[in-house]
Every structure is written in structure tokens, then in C-alpha cells.
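Chemist: Use these hints to put chains B and C onto chain A, whose structure you have.
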Amino acid sequence: MVGIDLLEVVDVDVALSGRMVLRDVNFRIDHGEFTGLIGSNGAGKTTLLRVLLGLQDVVRGRVLVHGEPMTRSNSSVGYVPQKVLFESDVPVRVRDFVALGIDGNRYGLARRSRHTYELVDEMLESVEAAAFANRRISSLSGGEQQRVLIAHALVSKPELLLLDEPLANLDPGSAQEIIQLLHSVVTNQHVAILLSAHEMNPLLPVMDRVVYVANGRVASGTTEEVVQPEVLSALYGHHVDVLRVHGRVLVVAGGDERGDSLVADHPAVVLE
Amino acid sequence: MVRWILEPGLFSNGTVRTALLLGALVSVVSGVVGIFTVLRGQSFAGHALTDVATAGGSGAALASLSPLLGFVGGGVIGAGAMDAIGVQRVKDRDVATGVVLGAATGLSALFLYLITLQTSTTGSTQSILFGSIFTVGPSTLPDVALLSVVVLVGVMVIRRPLLMGSISRELAAARGVRLRMVGIAFMVMLAAAVGLSAIAIGSILSTALLIGPPASALKVVSRLSHAVVLASVLGVMATWLGIVFAYDSYYWFGSGRGLPVSFFVVADVLVEFVAVNLVARRRRLRVVEEPATTAMPEQVGWI
Amino acid sequence: MTNAWISGTIIALLAGAVGFFVVLRGSAFAAHAIPNGAFAGAAGANLVGINPLFGLVVFALGAAFGISSMSRRTRSDVATALALVMMLALGAAFLATSSAYEPAVNALLFGEILGVSSSEILPVVVLAVVCALGLTLLYRPLLFSSIASELAVAKGVNVRLIDTLFLVVVALSSALAVPVVGALLTFSLMIGPPAAARIVTSSAHRALALSVVFSLLTLWAAVASSYWTDLPIGFFVGTMSAAIYLAARAWMRLDSRRSRRALA
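Residue numbers (my numbering), protein chains in the order written: chain A, -4 to 267; chain B, 145 to 447; chain C, 5 to 268.
Because the hints were derived from the structure by calculation, they are not lab data.
None of the values given here were measured: they were computed from a predicted structure.
Worth double-checking, as some hints may not be accurate.
Stretch by stretch, here's where chain A covers chain B in the computed footprint (C-beta under 8 Å, at least three residues) [unchecked claim]:
hint, stretch
1, 289 to 302
2, 306 to 317
3, 360 to 366
Straight-line Cα separation of at most 25 Å, SDA-like style, residue types lysine to any residue; simulated pairs [what the hints assert, rightly or not]:
hint, chain 1, residue 1, chain 2, residue 2
4, A, Lys78, C, Lys159
5, A, Lys78, C, Ser80
6, A, Lys78, B, Ser366
7, A, Lys78, B, Gly185
8, A, Lys78, A, Val221
9, A, Lys152, A, Asn196
10, A, Lys152, B, Gly185
11, A, Lys78, B, Gln270
12, A, Lys152, A, Leu59
13, A, Lys78, B, Arg322
14, C, Lys159, C, Arg144
15, A, Lys78, B, Arg367
16, A, Lys78, B, Arg324
17, A, Lys152, B, Arg322
18, A, Lys78, A, Glu172
19, A, Lys78, C, Arg144
20, A, Lys78, C, Glu154
21, A, Lys152, A, His61
22, A, Lys152, A, Asp166
23, A, Lys78, B, Arg426
24, A, Lys152, B, Gly320
25, A, Lys78, B, Gly327
26, A, Lys152, B, Ala317
27, A, Lys78, B, Gly320
28, A, Lys78, C, Arg79
Which residues of chain A face chain B? A partial, calculated answer using Cβ under 8 Å [as the list claims (entries may be wrong)]:
hint, residue
29, Glu63
30, Pro64
31, Arg67
32, Phe81
33, Val87
34, Arg88
35, Asp91
36, Gly99
37, Arg101
38, Leu104
39, Leu238
Cβ coordinates follow ideal geometry from the N, Cα and C atoms, glycine included.
If we strip away everything but chain A, and leave its shape as in the complex, we get (with noise of 0.2 Å):
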């Protein structure tokens, strides 16, 4: 018996500025999954994050929520921008920033409750942010700000959370600390996570699929599905190899008479 989906992509192709960037994205969520989204910068990862939260339309294919198609800004889904820039005279604090995950796109005069409140001061205490509860959000610093946007998105209780590069500019222990903090948030609240990345080595300990992006095409399964050199020279269409040392793994375009490599997955991480 087939249940039906948190997510799924089906025959997706999209277009930006008349120019076909994705084709023929196929792909699956189900509850709870931990799901890497892993493609060079400039691969279509961010469009296609665009795309699951329907604020991009596509040109083929449909993207479901639950069976249904998706419509704009399902509340089933969460999401989680790299950096947001917040002007210093911004009137909000944390908490109330964090309500606003809440009511933020509600109309009408009513006062939040005390309820709501608790809600917040809970999901501040999950992030581990309950510290700086009373600061003005734009007085954070980077790894602080990360944690409120996801307090912010996780606290109207999404199914899904969507995060766009939350590694890109951490250092490998704060990455970590990130990594970790939504393991617990999958494993603790039973909400399914797609984040998008460059490099997926930081996440194979955690990751339970992988959605690999890259020449425009899109390939998804296990990690030991999906990063085989077969698979991943058909995507490229372009011969890759995949090295794999003590449990990383790095992939590197194969002899080419251009010499030119495609893609990094960054060799530093082999060092270690």
C-alpha cells in the first residue's frame, strides 16, 4: 500500500527568463526524512526551493502536497533564507519576530494571547535561542539569526521545513552545531527537512536522501543510490568519478581533454 507523500515533484521542468534551467525533476519526500539537496552554486538549487514554495511557477509537471497540488505558501511548509538583512531600527524582538511565524500573515485587531507567547518561549528554548528572547532581531549575529529564522519558521508547525545554504557561510563546528540542531528538530518534532548545500559531506551522517542537482537535471535516492559514478556522469553527461576515504566522499570530473572540473566538493574535506 502506497501512502501518500509529504511532498512530491513530478516531471518538473522550469524556465527563468525564457532560458530552461531544470528538466524532468522527479522526486519524493516523506515525513520526517532528512533530505540533502546538493548542487554546485548556480545549479538551480535555490529555484527549485523557489519552486517547492510556490513562489515560482514551472512550465511541465506538478508538485503536491499531500496528493494535492501545491498552492502558494502551503502552511504545511516551512522555510528558512540563507540571511535576512534587518534594518538597526527595526521596532521587533526576537519573541515577537518568532510570533510572527505565527499570525505574521494574519489580518484583524485581535491581541495575541498569552498562548501564543508560550508557544514562542518554547520553540525559543528548542533553538536554543532562549537567551537573547528579548533582543531586537536586528542586534543578532549571523549563528543567532539563523537560529530565530528557524524558530521563526518551525513554530507554526510545518510538516516541511525548507532551508536555503544554512551551511554556506559557517564555520565546520558552528555547521555542526546547525547539523545536529535539526537532526533533534527531525527526530523530536517529526518535521520532514530539505536544505539545499554545495557540499554534502557534512551531512552524511545525517542525511537520508539526497537530491543531487546538477547540468539542469536532477537525480534522488540514498546517498548510495545517487552518488555513483554512473548516476552522476548521466546527470553531468560528462564522465565523473566518485572517490570515497574514510566515509567522505568526493566527486571529481573525470580526464577531459578541456582539463576544466565541473564540480568541488571542496578537497580540504578529504584531508581531514
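Modeler: Using the frame of chain A, we list chains B and C on its own:
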């Protein structure tokens, strides 16, 4: 000294009482709407609307219509025009705003000139540009009060999506906020707020009341509800002081010649702004020495 | 009347050139605020009884530098808005104490076609030449830093100096334009025609040239119309600048529709 400030007949004067009430209403609306105007970086659009309101006000005077209708109507039409021309990129939007502003000011030039041809009385330019709070009759008060309440309620109803959109358009869009609809609704409220303050202090200097008190308030508070209240208080203070001094200026300069209310309001607003900045600077210096504060008690707010 | 044509031409030439950069740099609001400084200066000079040109220039420069320094501590659009109303109120207050209040306010705000007397033509020309020279000398680094300021800094361009000098040029141009076109409409010449030029061509050089051409056409049309109809020149400058911009937008839409049909 007090005699010098509170010249004879100040409070017993009915005109002054009307002016104070009118000024207070208009200041509160400007303060509330102004907070969002500043947060959304729409000070230019707000200012452009005051110039469009000028065209509306002078057109109304030419056609012998109600000034309130002219100011507010002109502003609303201007908001529509800016939205119609409007484009996505901020720089292009500024060009569109500037073009509408220029056209509207050009129209104002025409209307004001025609008015001087039409009537023999001078002073209509004065009252349209710089306000006529002492000559606006008490009969306008109900309209002003009603419109003020409508605008304030309108802002309250959309305050959360409006705030979300002002903080981060990306997050707001992901959360399902209808950015365009909220944006247009706000522009209309902004136009109404500008029109209202134009009645009191003239169209050309309305920007001071729309931007000054909110900018000051935002420097020193960290909650939206506080910001809105403080901006209103600062606005009312500036307007009331302006009314008092304008009344006094008739006595200071003698022979029935005084300065319009708006001049003093602008001065007050600027003084407030400077004062708040000084306070903020001292507070920033002091905070460095204090230990980290403990968590604040749970509060329920209406943001 | 010849004075009007001469000074108008000079003003339009400058405004078109300066406006090209104003639109490029997105400083439309500042370009609107700085002439108000000139307004206050003219009013103040009138009050004190000194040469108005002096007041125009000094206060315009003051406004320009005031805005740029305030912008460091507050949002730049807030700083600009507050400076704008301050200058406007100050100027109006200066005028209010003189007897010829209303005509003076109208003339300085909305323009006076006969606003420049023969004795002032020479200083106007000199200042205009200074500005034109300045722009010519600064052209390449100014263009570069307006388009990509970080790259310009990396290449060794003193972007801060350029920003300052450009502000000076804007202030001087405004000071020259205000007596003829009016404080409130000066910036129309710096926005409408250059914005139209930008839409019509994508080459920087051609856009600059077209800015000047459009600005000249607009001003000439405005001077002529004002002369013939006796209506205020500000009315024509404002509406014609808007018209030329809208015409350019309409032209672009028609053109893109034509080319899309050609491709189909």
C-alpha cells in the same frame, strides 16, 4: 516668560481649541502611518504624495471643492499613478516616484497661478502650501475625525502582514502575505494620512510630521507598539507647540503678521529628532558598561 | 527674454548631464532635496540683502553635505526627507518676514521665466562651465563608481572623493537652475529626460548625450510655452518631463512587442 509663551486668549480662543484637536488627530495618524513608512523605506514615496496632495488641494481650491477632498483625493490618485507606473527595482521605482512628483508639482504651479488670477485674495498659496489650521472651520472636524479613525483602524487590521513585508519581503512571501495587496492598501492609507496633515499644516511640510516623529521614536524603542505610541506623542507635542507658537507669533511680530503653524512644527520635529539622537547616543555609550540583563517578565503585547 | 533662453539652455545642458548620473546612482530623492537648500539660500540672501547667487550656492552645498553626513547615522531617505523640509521651512520663514511674500515664494518654488537678470548671466556661465569641466574630468571614474562602486574601490578609484565632488556638482547645478525653473521643479529636469534616455538606449555615452538633448528639448518647449501662454514655467517643466518619460516607456513597450512578434 510664561506670559510670553502663552499669549493672552490662547486657551479661551475657540479657533485655537479646534486647531489643537485637529492637530492632535492629524499627528496621531501621521505618527502611526509614518512608523511603517519609515520601516518600509518609503519616505520618498511619502514625500511625493505630499506634493501630489498639493496638486489636489490647489485643484480643489480652484474648483471650489472641499480642501480635505482635494488633498486626500489627490493623494489617492497619486498613489494609484505611482503604482501604475511602478516598477520592481528600487531605483526604477524612485524614478517613477520622481516623475509623478514632478508632474504633480507642475500641476500645482498651474492651479496656484490660476487661483491668483481668479480671486483677488492672496494667501491661498499660503494656506495650501503651509497650512490653514486656524482657518479650517469646526465643521471639518467630523470629517477629519472619521477619516482619521478609518485610517487608524485600517493600519491596525493589516499591521502584521504589513510588518512582515517591511521586515523581509522574502519571508513574508513564503508565509503567504499578499505583498502587492498589502502594499497598495498601505499606499492608500499613506495618501489619506498625508491629506489629513495637509489640512492642518499644509501639504509641503507634511513630510515633517510623517517622517520626523517616527524616525525619532524608532531610535529609542524596541517594540512596535511603543514606537507607534511614542511617534504619536512626539507628533502631538510638535503640533501643539507649533500651534501655540504660531498663535504667539502674531503678537511677537505685531500688526497681525505671524508665521504659519507648519514652520514651528517643522522646527519642533527637528529639535525632537536631534534630542532623541543625543539620548540614543548617550544610551549606547552607557550600555557598554552595564552587565547583561536578565530575561524580562512575560508580556502580552498587541503587535 | 534672451536671458531666459541663454540661462535656460545652460541649465538644461547641465541638468541633462548631471541628471544622467543622478538616475544612474539612484539619488532621485537627494536631487529633489538639494534644490530646496538653494531655495532657502535665495530667501536668506534676499532677507539679508546680499547677492542671491551666493545664498543659492552656499545653502545648496550645505544641504548636499548635510544630507550625506546625516545619512551615515540614519536611513538615507529619512535624512533626505528631514533636510528637505527643514530647508523648505527655513526658506519660507525667511520670505515670510519680507513684504513681497507670495510672489517671491511662487517664483522661487515654481520658477520664474525671467528669473535671471543680465548682470547674473556671467557668473551663471562661469559656474556652469566649472560644473561641465568637473563632469568631463570625472566622467570615467564617476561612471565606474556609479555602476560598481566596490569594483571601483578595488581599482584604486577614490570613490568617496568622487561622491563628494558629484554632490558639489549637483548642488551647483541646482543653485543655477532654481531661479529659473524653481526649487520644486529643478529635479524634474534631472529625472524625467535622463530616465527617458536610459530607456531608449543602453549605451552609456549615448544615454548621456540623449539626456542632454531631451533635457534641452524639454526646457525649450517649457520656456516657449510659458512665454506664449503666460502660464508658469514650472507647470510645463514638470508635465513635459513626465511626458517625455512616459513616451519613452510607451515606445519601449511597443518596440518589445514588435520584436517579439518578429521572433514568433
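Chemist: State for each hint whether it applies.
Modeler: Hint check:
A stretch counts as covered by a chain when three or more of its residues have a beta carbon under 8 Å from one of that chain; for the stretch 289 to 302 of chain B and chain A the count is 4, and the coverage holds. Remark: the stretch 306 to 317 of chain B is confirmed as covered by chain A, as 9 of its residues place a Cβ nearer than 8 Å to a Cβ of that chain, reaching the required three. Proximity of the stretch 360 to 366 of chain B to chain A, defined as three or more residues with a beta carbon under 8 Å from a beta carbon of that chain, is established by the 4 residues found. Proposed proximity of Lys78 of chain A and Lys159 of chain C is contradicted: the alpha carbons are some 29 Å apart, above 25 Å.
Simply put, Lys78 of chain A and Ser80 of chain C have alpha-carbon atoms about 23 Å apart, close enough for the 25 Å limit, and the pair holds. For a cut-off of 25 Å, the pair hint linking Lys78 of chain A to Ser366 of chain B stands: about 21 Å separates their Cα positions. Proximity of Lys78 of chain A to Gly185 of chain B is assessed by CA-CA distance (about 19 Å); at most 25 Å being required, the pair is judged to hold. Distance check on the hinted pair: Lys78 of chain A and Val221 of chain A sit about 29 Å apart at the alpha-carbon level, beyond 25 Å; violated.
Pair hint Lys152 of chain A plus Asn196 of chain A does not hold up; C-alpha atoms about 29 Å apart against a cutoff of 25 Å. For the suggested pair Lys152 of chain A and Gly185 of chain B, the alpha carbons sit about 32 Å apart, so the restraint of at most 25 Å is broken. Restraint check for Lys78 of chain A and Gln270 of chain B: the C-alpha separation of about 49 Å exceeds 25 Å, so the hint is violated. In summary, the hint linking Lys152 of chain A to Leu59 of chain A is supported, as the alpha carbons are separated by about 19 Å, within the 25 Å threshold.
Distance hint between Lys78 of chain A and Arg322 of chain B is fulfilled; the C-alpha atoms sit about 22 Å from each other, no more than 25 Å. Our distance criterion of 25 Å between C-alpha atoms is met by Lys159 of chain C and Arg144 of chain C, whose separation comes to about 13 Å. Pair hint Lys78 of chain A plus Arg367 of chain B holds up; C-alpha atoms about 22 Å apart against a cutoff of 25 Å. For the proposed pair Lys78 of chain A and Arg324 of chain B, the alpha carbon gap of about 23 Å is at most 25 Å, so the pair holds.
Taking the CA atoms of Lys152 of chain A and Arg322 of chain B, the gap is about 21 Å. The hint holds against a cut of 25 Å. Taking the CA atoms of Lys78 of chain A and Glu172 of chain A, the gap is near 17 Å; set against the 25 Å cutoff, the hint holds. Note on Lys78 of chain A and Arg144 of chain C: the hinted pairing is violated, with a Cα-Cα distance of about 35 Å set against a maximum of 25 Å. Straight-line distance between C-alpha atoms of Lys78 of chain A and Glu154 of chain C comes to about 21 Å, which keeps the hinted pair within the 25 Å bound.
For the given pair, Lys152 of chain A sits about 16 Å from His61 of chain A by alpha-carbon distance, which is consistent with the 25 Å threshold. The suggested pairing of Lys152 of chain A with Asp166 of chain A is violated, with an alpha-carbon distance near 29 Å, which exceeds 25 Å. A distance of roughly 31 Å separates the Cα atoms of Lys78 of chain A and Arg426 of chain B; the hinted pair therefore is violated under the 25 Å criterion. Distance restraint check for Lys152 of chain A and Gly320 of chain B: the Cα-Cα separation of roughly 15 Å lies within the 25 Å cut-off, and the hinted pair is therefore satisfied.
Distance check on the hinted pair: Lys78 of chain A and Gly327 of chain B sit about 23 Å apart at the alpha-carbon level, within 25 Å; holds. The hinted pair formed by Lys152 of chain A and Ala317 of chain B meets the criterion: a straight-line CA distance of about 18 Å does not exceed 25 Å. Among the hinted pairs, Lys78 of chain A with Gly320 of chain B is consistent with the structure: their alpha-carbon atoms are about 19 Å apart, no more than 25 Å. Note on Lys78 of chain A and Arg79 of chain C: the hinted pairing holds, with a Cα-Cα distance of about 21 Å set against a maximum of 25 Å.
A cut of 8 Å between beta carbons decides the hint on Glu63 of chain A: the least distance to chain B is about 16 Å, and the hint is violated. Checking Pro64 of chain A against chain B: minimum C-beta separation of about 16 Å lies over 8 Å; hint violated. Checking Arg67 of chain A against chain B: minimum C-beta separation of about 7 Å stays under 8 Å; hint holds. Residue-level restraint check for Phe81 of chain A holds (minimum Cβ-Cβ distance to chain B is 7 Å; threshold 8 Å).
Nearest Cβ of chain B to the Cβ of Val87 of chain A: about 6 Å, under the 8 Å cut. The hint holds. Here the hint on Arg88 of chain A is kept, as its CB sits about 6 Å from the closest CB of chain B, short of 8 Å. Against a cut-off of 8 Å between C-beta atoms, the interface hint on Asp91 of chain A holds, since the closest Cβ of chain B lies about 6 Å away. With its C-beta approaching chain B no nearer than about 4 Å, Gly99 of chain A sits inside the 8 Å limit, and its interface hint holds.
Restraint check, Arg101 of chain A versus chain B: the minimum CB separation of about 6 Å is within 8 Å; hint holds. Hint status for Leu104 of chain A relative to chain B: holds, with the closest Cβ pair at about 5 Å, below 8 Å. The beta carbon of Leu238 of chain A is not positioned within 8 Å of any beta carbon in chain B (closest approach about 37 Å), and the interface hint is therefore violated.
Hint violations for this structure: numbers 4, 8, 9, 10, 11, 19, 22, 23, 29, 30, 39, all remaining hints satisfied.
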